[in-house]
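Enquirer: Sequence:
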Amino acid sequence: MSTNSVTASIITIGDELLIGQTIDTNSAFIAQELNKIGVWVRRRVTVGDVYEDIWDALDEQGAQSDIVIITGGLGPTADDITKPLLCKYFGGKLVLDEKVLAHVKYLFEQVFRRPGALLERNIKQAEVPDVCTVLHNARGTAPGMWFRTAKPPMGNTSPNPSQGGALDSDKSNIDYSYITTDPTTYGLLKKFVDEHRSNPTATEKLLWEILRGRKLAGYKFRRQHIIGSYIADFVCLTQKMIIEVDGLIHQIPENKNSDDVRTKELNNLGFEVIRFTNEQVLHDTDKVISEILSQLKKGKSPSSESKNPPLEGREVKNDGAIFISLPGVPHEMKGLIKDEVIPRLLKEFELPAIIHKTAFTAGTGESILAELLTGFEKSLPESIKLAYLPNYGMVKLRLTARGNNKEEVEKELLPYFEKLQDLVKKYLVANEDVGLEIVVGNLLKATNKTMGTAESCTGGYIAHLITAVAGSSEYYKGSIISYANEVKENVLGVQHYTLSTVGAVSEETVKEMVAGALQTLNVDYAIATSGIMGPGGGSEEKPVGTVWLAVGNHQKIETLRLNLRFDRQRNIGMTAANALNFLRKFIIANG
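Quick note: the sequence shown uses the numbering used here, first residue 62, plus one each step.
Quick caveat, the hints were computed from the structure, so don't treat them as lab data.
Quick caveat, the model's predicted, so the values are computed rather than measured.
Incorrect hints may appear among the rest.
Label-pair restraints from in silico Cβ distances [said to hold, decoys possible]: (1) 495 with 157: 41 to 49 Å; (2) 568 with 137: 55 to 63 Å; (3) 182 with 103: 56 to 64 Å; (4) 627 with 483: 29 to 37 Å; (5) 652 with 438: 33 to 41 Å; (6) 482 with 508: 16 to 24 Å; (7) 631 with 276: 35 to 43 Å; (8) 171 with 495: 33 to 41 Å; (9) 556 with 624: 40 to 48 Å; (10) 432 with 495: 23 to 31 Å.
Note that beta-carbon positions come from the ideal geometry of N, C-alpha and C, so glycine has one too.
Please construct the entire structure, taking both the sequences and the accompanying hints into account.
Expert: Quick look at the structure:
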């Protein structure tokens with residue numbers, strides 16, 4: 062089944078993401094929403110608040126995907142550089158958008174109710190590149206921006222990098238790691254650079270397709286780059302290697318002499334120069350590539366050229382991808398995705414169908430399932446893929462199919478999904494991509510029953526999972542977080558003798574906790590947990606990771622011991638997942 066694939070890359074920006082201070086939830090949400098409409102997410106990239114890194118990410122992802130969505134760096138502080146960078150990248154200038162300014166004023170005066178005049182930095186939130194379509198951010202001050210095509214910077218839209226130029230006066234102290242010409246010469250030659258980049262010869266075009274985007278063994282090349290008083294056709298700055306492509310005019314004796322002088326001067330600046338004729342590039346391309354690689358490998362391994370490359374020397378390297386910039390605040394980003402981005406993408410592209418079917422299993426590991434499904438996997442057609450998604454002792458088996466017609470894709474996928482469910486029926490929890498808290502809730506609603514929890518080691522985490530589901534009040538009454546023994550005694554009615562003889566982490570204690578929860582909360586079913594989550598608190602008899610679970614109704618109580626081996630957070634998560642699955646099986650067997 063051939064598919065018209067539309068691909069996307071997601072770039073999240075912020076030092077806080079790289080150092081782990083903030084967890085990137087934006088990418089997951091964006092990917093889910095794009096997937097729903099048939100856009101295949103090809104890359105997820107995170108970069109810090111570094112000009113070069115952001116620019117490189119735009120170059121690389123714009124060359125890879127049809128859609129590039131960027132989040133972060135749109136705030137009012139000095140480290141928020143995304144907006145002016147995008148302005149530079151697309152060759153525009155920042156202008157004040159009156160509609161955005163009116164919205165900013167409305168938020169500060171009517172919603173936030175902050176006294177006093179707007180600060181200059183708040184007004185700057187209403188500045189947008191004049192080359193973008195503004196996306197209204199109903200939930201915040203930073204608007205989204207939609208760039209339909211990428212254009213190289215032209216004319217005087219950029220300051221001179223040799224003079225330490227930057228995006229605005231606030232950035233004038235940038236210290237560039239290399240300078241390849243002086244300011245006066247740079248200004249004289251820049252016009253010729255722009256003309257040559259816009260009108261490359263057929264030979265230059267062919268060679269640039271080979272060199273651009275680090276395609277050649279990871280080495281980064283620039284084209285039409287000013288070095289000294291010359292414009293190099295192509296240059297790899299890390300290797301200090303220049304590639305010149307010569308037409309017939311260079312065969313004239315006086316021009317040969319001029320080229321020799323040029324080569325010597327560039328050699329004196331530390332650059333190796335290799336030359337090829339148009340005929341060599343066009344008709345003996347493999348040999349040309351081989352020679353370039355041979356020269357490159359004489360130097361050091363490919364690496365980044367600098368922390369802050371010359372702004373004017375950068376060229377946009379994509380072929381018409383749509384770029385969408387959104388604020389990094391999750392609440393604001395989500396509103397823009399749903400209200401602005403998705404509707405526009407649906408109009409912009411003829412999107413394929415991407416269908417997922419998920420079988421949720423528990424009770425066995427990923428490797429056992431893989432062994433069980435070996436023959437099934439081999440029988441899958443090219444258009445259907447199987448993925449194993451283990452988490453907290455459960456494994457989700459996801460079948461994915463893609464095609465141009467949703468009904469046809471569904472029809473092709475369904476028999477394979479039915480076969481998958483049949484093969485894993487012994488371990489099947491649900492035939493949809495849901496959590497255990499939803500599965501348990503659905504069972505309770507179907508039987509018109511209620512439940513409660515008595516939690517010690519999980520500290521209310523099970524209650525949190527259940528109450529995160531809309532409508533859970535229909536079947537969930539509450540929780541008693543009996544972390545201390547006195548709460549176990551005074552609220553749940555656990556006997557003092559039990560606690561003093563076998564301890565809080567014991568089968569006897571969790572059974573009494575369930576009995577107390579059933580009576581105190583007046584519910585049909587109850588869960589109890591008690592254990593040692595770590596990292597301290599364990600003993601030889603009860604090491605860290607020892608957990609007792611109990612589930613029951615007014616007629617029967619069952620228990621289960623877990624021996625976990627993870628860190629504290631994962632032990633809590635594993636305990637909650639096992640407890641909910643234990644209750645699920647109990648309801649099915651005793652409902």
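Enquirer: Compare the structure with each hint and give your call.
Expert: Verification of the hints:
1. 495 with 157: 41 to 49 Å: For residue 157 against residue 495, whose Cβ atoms are near 47 Å apart, the range 41 to 49 Å holds.
2. 568 with 137: 55 to 63 Å: At 58 Å between Cβs, range holds.
3. 182 with 103: 56 to 64 Å: violated, 36 Å
4. 627 with 483: 29 to 37 Å: holds, 33 Å
5. 652 with 438: 33 to 41 Å: Holds - the Cβ-Cβ distance for residue 652 and residue 438, about 35 Å, lies within 33 to 41 Å.
6. 482 with 508: 16 to 24 Å: With a Cβ separation near 23 Å, residue 482 and residue 508 satisfy 16 to 24 Å, so the hint holds.
7. 631 with 276: 35 to 43 Å: With a Cβ separation near 41 Å, residue 631 and residue 276 satisfy 35 to 43 Å, so the hint holds.
8. 171 with 495: 33 to 41 Å: For residue 171 and residue 495 the Cβ distance comes to about 40 Å; the hint holds.
9. 556 with 624: 40 to 48 Å: Cβ of residue 556 to Cβ of residue 624: about 26 Å, so the range 40 to 48 Å is violated.
10. 432 with 495: 23 to 31 Å: holds, 26 Å
Hint compliance for this structure: hints 3 and 9 are broken, all remaining hints hold.
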